[in-house]
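Novice: If you're matching them up, the sequences are chains S and C in order. Note that my numbering has the first sequence beginning at 1, numbered continuously upward. Note that my numbering has the second sequence beginning at 381, numbered continuously upward.
Source of the hints: derived by calculation from the structure; they are not laboratory data. Incorrect hints may appear among the rest.
[Stated by the list, open to error] Not everything, but these chain C residues come out facing chain S in the computed CB check (under 10 Å):
| # | residue |
| --- | --- |
| 1 | K382 |
| 2 | L384 |
| 3 | A407 |
| 4 | R540 |
| 5 | L677 |
Each residue gets a CB set at the ideal place from its N, CA and C atoms; glycine is no exception.
This is what each chain is made of:
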Amino acid sequence: MRRILFLARAEVLHVVRDRATLAQVLVLPILQLLVLSNAATFQVSNTPTYVVDFDRSSLSRGLITRFRASGQFQVEEQSESPERANEALLRGDVTMVLTIPHDFEAAIVRTGAAPIQLTVNAEKGSAAGIVQAYASSITAAYASELEASARGTAGSGAERSPRRGAPRIDVRLRSWYNPDLNYQHYMVPGILVALVTLIGTLLSAQNIAREKELGTLEQLNVTPITRGQFMAAKLLPFWTLGMINLAIGLLVAGVVFGVPMRGSLLLLFGSAAVYLVAALAIGLWISSVVDTQQQAMFVTFFVMNVYLLMSGLFTPIDSMAPWVQVVSQLNPVRHFVTISRAILMKGAGLADIARPLLTLTAFGAVTLALAIRQYAKRTA
Amino acid sequence: MKALLGLLRKEVYHILRDRRTLVVIVALPVLQVIIFGYAIRTDVDHVRLAIVDPAPDPVTLAIRARFGAAGVFETVAVVPRIDQLEDLFRRGTAQGAVVFEAGFAERLARGLPAGLLIIADATEPNTGSIVTAYATAVVQGYEQETMARNAAVRIVPSVRMRFNPTRESSNLFVPGLMAFVLTIISSLMTAISLTREKETGTMEALLVSPLRPWQIILGKVAPYLVVGFASVVGVILEARLVFHVPLRGSLTLLLVEGLLFILVSLSLGILISARTSSQRVAMMGALVGTMLPTMLLSGFIFPIESMPWPLRAISVVVPARWFVLVARSIMLKGVGLSYLWQPTLVLLAMALVLLTASTRAFHERLDG
Numbered sequence: 001m002r003r004i005l006f007l008a009r010a011e012v013l014h015v016v017r018d019r020a021t022l023a024q025v026l027v028l029p030i031l032q033l034l035v036l037s038n039a040a041t042f043q044v045s046n047t048p049t050y051v052v053d054f055d056r057s058s059l060s061r062g063l064i065t066r067f068r069a070s071g072q073f074q075v076e077e078q079s080e081s082p083e084r085a086n087e088a089l090l091r092g093d094v095t096m097v098l099t100i101p102h103d104f105e106a107a108i109v110r111t112g113a114a115p116i117q118l119t120v121n122a123e124k125g126s127a128a129g130i131v132q133a134y135a136s137s138i139t140a141a142y143a144s145e146l147e148a149s150a151r152g153t154a155g156s157g158a159e160r161s162p163r164r165g166a167p168r169i170d171v172r173l174r175s176w177y178n179p180d181l182n183y184q185h186y187m188v189p190g191i192l193v194a195l196v197t198l199i200g201t202l203l204s205a206q207n208i209a210r211e212k213e214l215g216t217l218e219q220l221n222v223t224p225i226t227r228g229q230f231m232a233a234k235l236l237p238f239w240t241l242g243m244i245n246l247a248i249g250l251l252v253a254g255v256v257f258g259v260p261m262r263g264s265l266l267l268l269f270g271s272a273a274v275y276l277v278a279a280l281a282i283g284l285w286i287s288s289v290v291d292t293q294q295q296a297m298f299v300t301f302f303v304m305n306v307y308l309l310m311s312g313l314f315t316p317i318d319s320m321a322p323w324v325q326v327v328s329q330l331n332p333v334r335h336f337v338t339i340s341r342a343i344l345m346k347g348a349g350l351a352d353i354a355r356p357l358l359t360l361t362a363f364g365a366v367t368l369a370l371a372i373r374q375y376a377k378r379t380a
Numbered sequence: 381m382k383a384l385l386g387l388l389r390k391e392v393y394h395i396l397r398d399r400r401t402l403v404v405i406v407a408l409p410v411l412q413v414i415i416f417g418y419a420i421r422t423d424v425d426h427v428r429l430a431i432v433d434p435a436p437d438p439v440t441l442a443i444r445a446r447f448g449a450a451g452v453f454e455t456v457a458v459v460p461r462i463d464q465l466e467d468l469f470r471r472g473t474a475q476g477a478v479v480f481e482a483g484f485a486e487r488l489a490r491g492l493p494a495g496l497l498i499i500a501d502a503t504e505p506n507t508g509s510i511v512t513a514y515a516t517a518v519v520q521g522y523e524q525e526t527m528a529r530n531a532a533v534r535i536v537p538s539v540r541m542r543f544n545p546t547r548e549s550s551n552l553f554v555p556g557l558m559a560f561v562l563t564i565i566s567s568l569m570t571a572i573s574l575t576r577e578k579e580t581g582t583m584e585a586l587l588v589s590p591l592r593p594w595q596i597i598l599g600k601v602a603p604y605l606v607v608g609f610a611s612v613v614g615v616i617l618e619a620r621l622v623f624h625v626p627l628r629g630s631l632t633l634l635l636v637e638g639l640l641f642i643l644v645s646l647s648l649g650i651l652i653s654a655r656t657s658s659q660r661v662a663m664m665g666a667l668v669g670t671m672l673p674t675m676l677l678s679g680f681i682f683p684i685e686s687m688p689w690p691l692r693a694i695s696v697v698v699p700a701r702w703f704v705l706v707a708r709s710i711m712l713k714g715v716g717l718s719y720l721w722q723p724t725l726v727l728l729a730m731a732l733v734l735l736t737a738s739t740r741a742f743h744e745r746l747d748g
């Protein structure tokens, strides 16, 4: 035990001595959290819109006003030229074109029903679906408003009379866990995981490779320290660093971003403790396989790339191709992102996260064993 | 001129001799596009639905059947009480839920409104909104078909999804992915090449040669341009054949723009390597300087228009941002140079600035 502590102390001194590295490992994550959380958003708001209003009636103007007032759409330009609208769409200046035909008002007065046309730039698949849903709900709300006011003038006035044509199934909608549909509340718990992982894995991946380059690994090999003790001593400082990063990150998440913390923080730190062993063991394993720091860095970046993009951090796991979903079970980042979001946003307890947590434990045990074995092979 | 040709030949030998690296350089982008093309998607086409039906009756069964037939929903659980939902949501077993009021059919028969609650797991807000929208549409479809509604005021939007009617997200992500993998591989290639000369000491030999700085830079960039172009052709082929991304515009234009973009990325790499002293620092710079910004600020995954203005401003200097725009516009919108002259000029300007800057940086080293 004392040997482990000695070696660990040497590692700590290495990090603390080098002010630049220290700043890097403590400040960089916070900076990343602040920047990335703002960059990583699929939020659909202020959709730039082109309005082609052929009708120019009070009803068509009313509809356009509803679009403007919704906050979801920003009317960039308005004209009566479909060609110019098309050009704006091709140039990418607008995402949606709202076309109101000539006899819009007349049709509503006469038959009660009138068509409009929405042309959406569907390049961005799912965003287009949301734009369409917003637009439809605005027109539906406007239609029922018109209907109510028509009845209102016939009847007693301001009081909205019960609608004859009201749907008889009374549909209510609820958005659980994130009622304001705040994207940052979703991204921050995920990005926290990414930065705890990145720094720790990069440092640990370089670590043994550097000892090899400097030749100090030989020195360590002739000391009475065992392989297990060696790995433990390498893990301990980075593990502590990861936990500190997580704590600082959580503080920023709560104070700056107002991320809800519905579950037990103790459980989150407990899971992080397990997860970090898995993440760092990967780094150490890479480090003992490669010969130079450069190779270590290259491999780490490639692995991290795959891990991050396939973890469900940025795009949902459920949307991935079926075989990718299966493969991503091997990705520890995926499991901890799931755990972190479940605990913070949904208030999940131990029973709810049992599966990903067990997977992580198994993963950590296997990679750690691999790293130790790999190191042994080298020294033999 | 002869000296330049000599340097070019030397670089080509370097590239050809190291077969393993060559394979990595050409194959890695292609491989990454395959992996990420299948992974980075945002389609919501399979929703795990829980149903709370305290007292099943013909109407609730009919609505449940419609959810089953909608193609998007998969019913994972049917429970009698709403408080059993919490567990299903927390574990992620269910993403959405439909809750029927007890005595649903009976209330309808008596002319009373029957309550139906749609719950979505909105942890991921977009998926949440889409789930609610789909579910609402299913219920409305049922209503319209089975209960003749009195003619009320209706505005009927007819929706046209331009450029990507099936809303396939690989159409969106694959062109962006091309930009991502090409940036990283090409800036990495050149980033190492100059610093390697420094580390092995052959830089001195180059310096005493009659080659001028711009010739050295050119000699370093040109051979890799060919290799990079092979990757461009590879990833475009892949986009067409594996992911069936449409190519509505001109292939020639896309290839030329691809070449231009490779040039920008190579120049970025050469600048990094002219400014740094060791391979390690150069690689770190190339990776950190290109990977994260390209991943996040190029619009490849996250739409730039959703970002706050400081980040939008920064994104202007990210080369991939412009190529993502160009690639998507050519492939999906089928537009030509008359719409794309602006990003093309930006890319050209970037290449010029980066190349000039690296020649200058090289000068400084010569003097120092």
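Novice: List in ascending order the numbers of the hints, as given earlier, that are violated by the structure.
Specialist: 1, 2 and 3
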